[in-house]
Amino acid sequence: MKFMMMMHAPRTGWQDAGIGTWPTADIRAHIGFMVRINQELTASGELVDAQGLALPQDARIVRAAAGSGEPVVTDGPFAEAKEFLAGFWIIDVESPARAHQIAARISAAPGKGGVPMNMPIELRQVMSRPPEDL
Amino acid sequence: MSDADLDRGDFDAAGAGDLGDTGPEPLLRTLAPQVLGAVIRRFGDFASAEDAVQEALLAAAMQWPERGVPEHPRAWLIQVASRRMTDHVRREIARRRRETVVFEQQRGDLAPAADRDAATAHDDTLILLFMCAHPALGEHAAIALTLRAVGGLTTAEIASAFLVPESTMAQRISRAKQAIRKSGVPFSLPGDAERAGRLTAVLHVLYLIFSEGYVSSAGAMLTRADLAAEAIRLTRALQHLLPHDPEVAGLLALMLLTDARREARTGEQGELIPLAEQDRSRWNHAAIEEGVALITATLARGAVGPYQLQAAIAALHDEAARAEDTDWPQILALYGLLERMTPNPMITLNRAIAAAMVDGPAAGLAMVDPLDTDTRLGGHYRLDAVRAHLHEMAGDLAAARGHYLAAAGKTASIPERNYLTTKAAMVAERLADR
Chain A
1 MKFMMMMHAP RTGWQDAGIG TWPTADIRAH IGFMVRINQE LTASGELVDA QGLALPQDAR
61 IVRAAAGSGE PVVTDGPFAE AKEFLAGFWI IDVESPARAH QIAARISAAP GKGGVPMNMP
121 IELRQVMSRP PEDL
Chain B
1 MSDADLDRGD FDAAGAGDLG DTGPEPLLRT LAPQVLGAVI RRFGDFASAE DAVQEALLAA
61 AMQWPERGVP EHPRAWLIQV ASRRMTDHVR REIARRRRET VVFEQQRGDL APAADRDAAT
121 AHDDTLILLF MCAHPALGEH AAIALTLRAV GGLTTAEIAS AFLVPESTMA QRISRAKQAI
181 RKSGVPFSLP GDAERAGRLT AVLHVLYLIF SEGYVSSAGA MLTRADLAAE AIRLTRALQH
241 LLPHDPEVAG LLALMLLTDA RREARTGEQG ELIPLAEQDR SRWNHAAIEE GVALITATLA
301 RGAVGPYQLQ AAIAALHDEA ARAEDTDWPQ ILALYGLLER MTPNPMITLN RAIAAAMVDG
361 PAAGLAMVDP LDTDTRLGGH YRLDAVRAHL HEMAGDLAAA RGHYLAAAGK TASIPERNYL
421 TTKAAMVAER LADR
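Protein chains in written order, with this note's numbering: chain A, 1 to 134; chain B, 1 to 434.
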């Protein structure tokens, strides 16, 4: 079964409060951890895709204009959102329990001072095709 | 194996049928555009000829390792592809009840006419390069089609290199072929008037393939070596076809001199290592030697162009045994020439770094300031990254940190973001130690 794991980061001040304020060694440890996770998931045959997203300052919300269907572009995401999507993984695993295990490992990525960040990882099952005899 | 051997069609004087350790792949990739050219000449339909040649290449890749390489591998491929074409055309006729493709159907052996002479095979490769870089195609389409029609890569290989699903890449290639069919480009070399412009387009496509391999524009991998190697192979083939064109030689030299640093450019965790901090013993010195010889000989002939200037700059970096031995005044002068030839804010940014190395960081910062209002740069992260670097040189660590973080927030490359975030932290630590 396939799951999407979404990593959210606090919207406020990654430069002033987030990774931008960590010591060099901690940043390196964090990056190294993320590289290793992807290598491990590849080696275990469970990685489908992993992508990091650019920071939300250039994010835009697009809607079709009523009538013309022309794109109407506004800055986004919504200013009131407290977190933004920083990146995601798609994994193909044997069971939900295994997905929980992997998500928990990513959640515990080392942060400032090497302390586990325990950040929230949103886990969503990717919908599959209907069974053959539907 | 030399190209001359291939041109005669009997590729292996040392023992026909022996593929050595590499398998038939390199030979097939060299022959691919020549075979495609021959089949298009005969049947006049680029899109279906391309499919037929892919099938013939596949058949060869499966059969040759077992049965040995035929005595005339190119003729073999042309014959197999032509049979596929004939089948295809028959099916088309049956389906539509009318002839859709004008073709000359020969009884018996189809191959000999296509083996006419080396000059035709050379021209065919060149014509294909011109076709694939046709202005009717977008950059994405031109790249994909060049890799498939001239490079002989399979759709699956191209898809995997660009990290897109195979069905997406198949569709991209198919639409590119339709666009060529609709544009009615004849299968012939462009006339003299058009030729220079079309060659510029070909060089641009080859450069894009190389860049895509050298710095992946997306994702976590910093280099995708296969694409860079393929771009070098194709540019080398082009240089063989047009040995007197200085910009073709310049582009090949630029690729060799840039790719020579690939190994030293990334650390163990895929992190980016800047030029000044690279372990220069890990550079590919054979490639540097070849690139330097090529650009030196080319520059001596005159008619200098942008690729030659960039190659000359790369050569000056590569020839410095240590970062501090770099000939910055010469590099500054070359960026000045390049900027006058092709005004572009990215070149100005590079010139600012060279100016800072020669005349100090203030000179570089002064050069960067006017770029704030340059709409072509549109808040590109490189502006912040260069400014951060220059402020760091000047000892203004607080300003440097701010610009490193701003650049980190704007780049779309993960290794680059990691690098810039780490630089910000290092500068902050030095600031705290003061």
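Derived by calculation from the structure, the hints in this document are not laboratory data. In this text, a Cβ means the ideal position worked out from N, Cα and C, and glycines have one as well. Mixed in with the good hints, there may be bad ones.
Just so you have them, the derived chain B footprint on chain A, three or more residues with Cβ under 8 angstroms [to be verified]:
1) 30–38
2) 48–59
Quick look at which bits of chain B chain A covers, simulated, 3 or more residues with Cβ under 8 angstroms [as the list claims (entries may be wrong)]:
3) 260–274
4) 408–414
5) 423–431
Straight-line C-alpha distance at most 25 angstroms; calculated SDA-like pairs for lysine to any residue [to be verified]:
6) A/Lys82 <-> B/Glu268
7) A/Lys82 <-> B/Ala412
8) A/Lys112 <-> B/Ala159
9) A/Lys112 <-> B/Met426
10) A/Lys112 <-> B/Gly409
11) A/Lys112 <-> B/Glu416
12) B/Lys182 <-> B/Arg195
13) A/Lys112 <-> B/Ser281
14) A/Lys2 <-> B/Val164
15) A/Lys2 <-> B/Lys182
16) A/Lys82 <-> B/Met426
17) A/Lys112 <-> B/Ala412
key: Numbers of unmet hints, in rising order   = Hint check: 6, 8, 13, 15 and 16 fail, others pass.
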